[in-house]
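*Asks:* Please build the complete structure, drawing on both the sequences and the hints.
Number of protein chains: 2
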Amino acid sequence: MENEKPDLEWLFHPRSIAVIGSTRMDKGTQRVPHTIFFTVALRRMGYPGSLCVVSRSGASEATGEEKVYPSLLDIPGPVDHVIFCTPARAIPEILEDCVTKGVRSAGIFSSGFSESEDPEGKSLEQEVLRIARKGGIRIIGPNCMGLYCPESGLNFRADLPNNPGTTGMISQSGGMAIRTIFHGTEKGVGFSKVVSYGNESDLQGWEILDYLAQDEKTQLIVAYIEGTQDGRALARSLKEASRKKPVLVLKGGLSPEGNRAASSHTGSMAGSDPLWQAMLRQTKTHVALDVNELVDTAMTFYYLKRPAGRRMALMCISGGLIVNYTDVAVRHGFKIPELAPDTKKNLSEVINAPGTSFTNPIDMASLFFSNRIYAPMLGALDKDTNTDFILFIIAMEYVRGLEYQYKVSVQRIVEAFLGIIGRVDKPFVVVVPPSVDEESRLAVERAFLKAGIPTFLSMDGALRALSARIDDPREEAVGR
Amino acid sequence: MENEKPDLEWLFHPRSIAVIGSTRMDKGTQRVPHTIFFTVALRRMGYPGSLCVVSRSGASEATGEEKVYPSLLDIPGPVDHVIFCTPARAIPEILEDCVTKGVRSAGIFSSGFSESEDPEGKSLEQEVLRIARKGGIRIIGPNCMGLYCPESGLNFRADLPNNPGTTGMISQSGGMAIRTIFHGTEKGVGFSKVVSYGNESDLQGWEILDYLAQDEKTQLIVAYIEGTQDGRALARSLKEASRKKPVLVLKGGLSPEGNRAASSHTGSMAGSDPLWQAMLRQTKTHVALDVNELVDTAMTFYYLKRPAGRRMALMCISGGLIVNYTDVAVRHGFKIPELAPDTKKNLSEVINAPGTSFTNPIDMASLFFSNRIYAPMLGALDKDTNTDFILFIIAMEYVRGLEYQYKVSVQRIVEAFLGIIGRVDKPFVVVVPPSVDEESRLAVERAFLKAGIPTFLSMDGALRALSARIDDPREEAVGR
Numbered sequence: 001m002e003n004e005k006p007d008l009e010w011l012f013h014p015r016s017i018a019v020i021g022s023t024r025m026d027k028g029t030q031r032v033p034h035t036i037f038f039t040v041a042l043r044r045m046g047y048p049g050s051l052c053v054v055s056r057s058g059a060s061e062a063t064g065e066e067k068v069y070p071s072l073l074d075i076p077g078p079v080d081h082v083i084f085c086t087p088a089r090a091i092p093e094i095l096e097d098c099v100t101k102g103v104r105s106a107g108i109f110s111s112g113f114s115e116s117e118d119p120e121g122k123s124l125e126q127e128v129l130r131i132a133r134k135g136g137i138r139i140i141g142p143n144c145m146g147l148y149c150p151e152s153g154l155n156f157r158a159d160l161p162n163n164p165g166t167t168g169m170i171s172q173s174g175g176m177a178i179r180t181i182f183h184g185t186e187k188g189v190g191f192s193k194v195v196s197y198g199n200e201s202d203l204q205g206w207e208i209l210d211y212l213a214q215d216e217k218t219q220l221i222v223a224y225i226e227g228t229q230d231g232r233a234l235a236r237s238l239k240e241a242s243r244k245k246p247v248l249v250l251k252g253g254l255s256p257e258g259n260r261a262a263s264s265h266t267g268s269m270a271g272s273d274p275l276w277q278a279m280l281r282q283t284k285t286h287v288a289l290d291v292n293e294l295v296d297t298a299m300t301f302y303y304l305k306r307p308a309g310r311r312m313a314l315m316c317i318s319g320g321l322i323v324n325y326t327d328v329a330v331r332h333g334f335k336i337p338e339l340a341p342d343t344k345k346n347l348s349e350v351i352n353a354p355g356t357s358f359t360n361p362i363d364m365a366s367l368f369f370s371n372r373i374y375a376p377m378l379g380a381l382d383k384d385t386n387t388d389f390i391l392f393i394i395a396m397e398y399v400r401g402l403e404y405q406y407k408v409s410v411q412r413i414v415e416a417f418l419g420i421i422g423r424v425d426k427p428f429v430v431v432v433p434p435s436v437d438e439e440s441r442l443a444v445e446r447a448f449l450k451a452g453i454p455t456f457l458s459m460d461g462a463l464r465a466l467s468a469r470i471d472d473p474r475e476e477a478v479g480r
Numbered sequence: 481m482e483n484e485k486p487d488l489e490w491l492f493h494p495r496s497i498a499v500i501g502s503t504r505m506d507k508g509t510q511r512v513p514h515t516i517f518f519t520v521a522l523r524r525m526g527y528p529g530s531l532c533v534v535s536r537s538g539a540s541e542a543t544g545e546e547k548v549y550p551s552l553l554d555i556p557g558p559v560d561h562v563i564f565c566t567p568a569r570a571i572p573e574i575l576e577d578c579v580t581k582g583v584r585s586a587g588i589f590s591s592g593f594s595e596s597e598d599p600e601g602k603s604l605e606q607e608v609l610r611i612a613r614k615g616g617i618r619i620i621g622p623n624c625m626g627l628y629c630p631e632s633g634l635n636f637r638a639d640l641p642n643n644p645g646t647t648g649m650i651s652q653s654g655g656m657a658i659r660t661i662f663h664g665t666e667k668g669v670g671f672s673k674v675v676s677y678g679n680e681s682d683l684q685g686w687e688i689l690d691y692l693a694q695d696e697k698t699q700l701i702v703a704y705i706e707g708t709q710d711g712r713a714l715a716r717s718l719k720e721a722s723r724k725k726p727v728l729v730l731k732g733g734l735s736p737e738g739n740r741a742a743s744s745h746t747g748s749m750a751g752s753d754p755l756w757q758a759m760l761r762q763t764k765t766h767v768a769l770d771v772n773e774l775v776d777t778a779m780t781f782y783y784l785k786r787p788a789g790r791r792m793a794l795m796c797i798s799g800g801l802i803v804n805y806t807d808v809a810v811r812h813g814f815k816i817p818e819l820a821p822d823t824k825k826n827l828s829e830v831i832n833a834p835g836t837s838f839t840n841p842i843d844m845a846s847l848f849f850s851n852r853i854y855a856p857m858l859g860a861l862d863k864d865t866n867t868d869f870i871l872f873i874i875a876m877e878y879v880r881g882l883e884y885q886y887k888v889s890v891q892r893i894v895e896a897f898l899g900i901i902g903r904v905d906k907p908f909v910v911v912v913p914p915s916v917d918e919e920s921r922l923a924v925e926r927a928f929l930k931a932g933i934p935t936f937l938s939m940d941g942a943l944r945a946l947s948a949r950i951d952d953p954r955e956e957a958v959g960r
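Sequences listed follow chains X and U, in order. Residue 28 in this note's numbering sits at position 28 of the first sequence; the count goes up by one each step and never skips. For any residue, its number in this note's numbering is found by taking its place in the second sequence, counting from 1, and adding 480.
By construction, these hints were calculated from the structure, which means they are not laboratory data. Nothing here was measured: the structure is a model prediction, and the numbers come from that model. It is possible that some hints are incorrect.
Simulated pairs of lysine-lysine, DSSO-like, Cα-Cα distance not exceeding 30 Å [to be verified]:
(1) Lys244(X) x Lys450(X)
(2) Lys27(X) x Lys824(U)
(3) Lys697(U) x Lys764(U)
(4) Lys122(X) x Lys825(U)
(5) Lys785(U) x Lys825(U)
(6) Lys815(U) x Lys863(U)
(7) Lys507(U) x Lys344(X)
(8) Lys217(X) x Lys244(X)
(9) Lys335(X) x Lys305(X)
(10) Lys67(X) x Lys27(X)
(11) Lys344(X) x Lys426(X)
(12) Lys27(X) x Lys825(U)
(13) Lys122(X) x Lys764(U)
(14) Lys344(X) x Lys244(X)
(15) Lys239(X) x Lys305(X)
(16) Lys507(U) x Lys345(X)
(17) Lys284(X) x Lys217(X)
(18) Lys344(X) x Lys383(X)
(19) Lys815(U) x Lys345(X)
(20) Lys602(U) x Lys344(X)
(21) Lys863(U) x Lys906(U)
(22) Lys217(X) x Lys426(X)
(23) Lys581(U) x Lys602(U)
(24) Lys724(U) x Lys785(U)
To give a feel for the contact side, a few chain U residues facing chain X, derived at Cβ under 7 Å [to be verified]:
(25) Pro599
(26) Gly655
(27) Arg659
(28) His663
(29) Gly732
(30) Val767
(31) Asp770
(32) Val810
(33) His812
(34) Leu898
(35) Ile901
(36) Val916
(37) Ile950
Here a beta-carbon is modelled for each residue, glycine too, at the ideal position from N, C-alpha and C.
*Replies:* So, in structure tokens, the structure goes:
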């Protein structure tokens, strides 16, 4: 049996949006009202349609250029999408106006529904659903951030990045959506569409998954899921989506305690851990344990074509670190085999430095600072038939020491390195773990990321992400 | 049977030091010679004794204020300690001069001994040992950085920190010693004495351990060990040391591949993984998997008195993150129990904000930005009888969002928080995982660390370190 294939394309292209709620600054805290929060977010993302505010309180010092109407029915043209920031209790009445006005979709930011301890919340959610179904309005949420789509100017927070990418996301938590977009962007991963869907009263996670699975703008799908109303439908959608595209899942509420927290967060009853584990395994999705792992894995799919296997050429400039990280790699099931005889021969012909041996792992020692050797060295490793990918560890304390000894800046070294790496065909990743000079570490990490090289904060993180990448049969990177 | 108790105190208080080796800049690479590297390091650390250079090449543009002698025997006064930066082959002859001169200890930075592929290296190491024993000279290394002791001005790298602390370290790898000192310092952990002992030809790791175990300046011991010549002696020393002080061990070369890398690094034959695992378990040391974990654990012992158990009060300002981190905590064997009825009552009396419930985990939501509630909130959690410690997660993307909404800077919030935390008796730790604005994240992390609050990059890292801290019976923090 297949899920229905709802066409949700229209959801991401509303001709006009009205944000509904108070425009008044909070007198005590001087808090900017959420109504304005959303309006500014859409304006900054360059939303091209018509945008207005609906508020009984009228314009205020917080409202910007958008026109403020006392009622939805006062707006002259059509309204395709509304965003509710009113108190929950006010929504049913205004939703009747939406039906009259022909609104097609509503994102409900307001909380106080089935996730709340108040029993009234549940019946209020049912009432909203009843009106929406009657009027043919799709509800996103309630208790969610709604839609983010840089390409069509949709946005739920003013400071989110406006560069589109190829990652689609469904998230029951607005916070996890925001966190993933920000952290992903820091790691060079861009997003096509993100839907924060909260309590999932009407629009279901699996429906958005089905849409993203066939969306041409989306090549990779990430999901933060707390629960579902229909486990079979979700399983079918995950399975179908992961047949078409890599799907990475972070499941919230696997433990009974986490489940309890999820229940007061999005009203989800998350179900038992073994059941979810089995389902995620069967659907061939990749499971991440936290947002860092989710983003590290997304970055790996985004930038890296699939390494043919788990045999790595491991390069480092610190002897002790390389011993330890070899242990870590072996613990994760990776191999660090001898280099092929041809590779050793090629390396010894071009490089002749004392204290550097061409065993694998490769202790580069001070060779790191002789940039004339990068090209022959990486060239030889690129052709090595005994290894599937190259992992380069940069130890910032060595970089600083060698900067002092050789008077060469790490920026110049990284630039020289990046000048060559484009010619290397073999998958190549970098690990720059924290040690000293966090600001320099960030600069090095960002330079590699900017060049499209997956760059990790920890060996552990790199190997988890690489495992997921290698286990997935798809050959090509999805981000470029 | 007990190990001998060698008194090594004298090793850290040499009256005079001679650094032996070339003073010439490398013509091709313009590299600063190691001889100068060590001299500058000692000078910058404020070494109070007499310091000179021994070099057949005489003074150069690289030498500073130190006098350069052509031979050790030309130095007028006594020389207690020498540092060898000459080629390995030159050492036996000069070591004979050391015997004549009455030198008491020699650190050999030079490599090319038993760790090298050249069979001559092994016999050279034996020859050095024979001369040293004859003359009563203790050899540190070869193939090591030697001694770091801020209090007595000993140092092996110019940019290492000069603020003493209570952590002692033995490390077979100079790189791992440097990495641990730097990363430890970033995390607020200072060092009393660090010995990088390389190939361990004469001075044994276990001897230094015995010394650190009874050293009054040392309250915590960390060790990076690749191998040993005497497993029984090392086991006895680890056991005895960990009876007196917390001992954290990072073992390099647990895997056969890591072992191979260790062998070309310090000449160590590391032995089998299960044997080491059993030995480390029996000696009741805490085992870390990498330097980050080693430092995170050290930080926890340094600053945190022992939580009475694994029950945490978990505070966060992001609902999704708190669900996920609750799962992570449960996976690590921690509990997030309901707060005691009294706590809930106290909290609901002082705090009355919509959407905030006093279940545990505690979703602070926007309360994070109402600093008047910190004092009553932390006061109530401090007295809670159902929890053993407080873990506070700061989500930087929320901080940035709330900064926008409330126009309050995170610095002011952190300051207000720190103003109260001194009155909280219950162990308190912070996790600030990477998301957006790495520079702001660093500033927040550093502010908490400066106040002596263990602050972690990941929930996983925090929980590993806390596990070690809770498993150790010692009650008091060792760093203050």
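*Asks:* All the hints need checking, so say for each whether the structure fits it.
*Replies:* Hint-by-hint comparison with the structure:
no.	hint	result
1	Lys244(X) x Lys450(X)	holds, 28 Å
2	Lys27(X) x Lys824(U)	holds, 29 Å
3	Lys697(U) x Lys764(U)	holds, 22 Å
4	Lys122(X) x Lys825(U)	holds, 26 Å
5	Lys785(U) x Lys825(U)	holds, 28 Å
6	Lys815(U) x Lys863(U)	holds, 18 Å
7	Lys507(U) x Lys344(X)	holds, 29 Å
8	Lys217(X) x Lys244(X)	holds, 13 Å
9	Lys335(X) x Lys305(X)	holds, 19 Å
10	Lys67(X) x Lys27(X)	holds, 23 Å
11	Lys344(X) x Lys426(X)	holds, 17 Å
12	Lys27(X) x Lys825(U)	holds, 28 Å
13	Lys122(X) x Lys764(U)	violated, 53 Å
14	Lys344(X) x Lys244(X)	violated, 41 Å
15	Lys239(X) x Lys305(X)	holds, 22 Å
16	Lys507(U) x Lys345(X)	holds, 28 Å
17	Lys284(X) x Lys217(X)	holds, 22 Å
18	Lys344(X) x Lys383(X)	holds, 11 Å
19	Lys815(U) x Lys345(X)	violated, 57 Å
20	Lys602(U) x Lys344(X)	holds, 25 Å
21	Lys863(U) x Lys906(U)	holds, 8 Å
22	Lys217(X) x Lys426(X)	holds, 27 Å
23	Lys581(U) x Lys602(U)	holds, 26 Å
24	Lys724(U) x Lys785(U)	holds, 16 Å
25	Pro599	violated, 15 Å
26	Gly655	holds, 4 Å
27	Arg659	holds, 5 Å
28	His663	holds, 5 Å
29	Gly732	holds, 4 Å
30	Val767	violated, 12 Å
31	Asp770	holds, 6 Å
32	Val810	holds, 4 Å
33	His812	violated, 11 Å
34	Leu898	violated, 21 Å
35	Ile901	violated, 23 Å
36	Val916	holds, 4 Å
37	Ile950	violated, 18 Å
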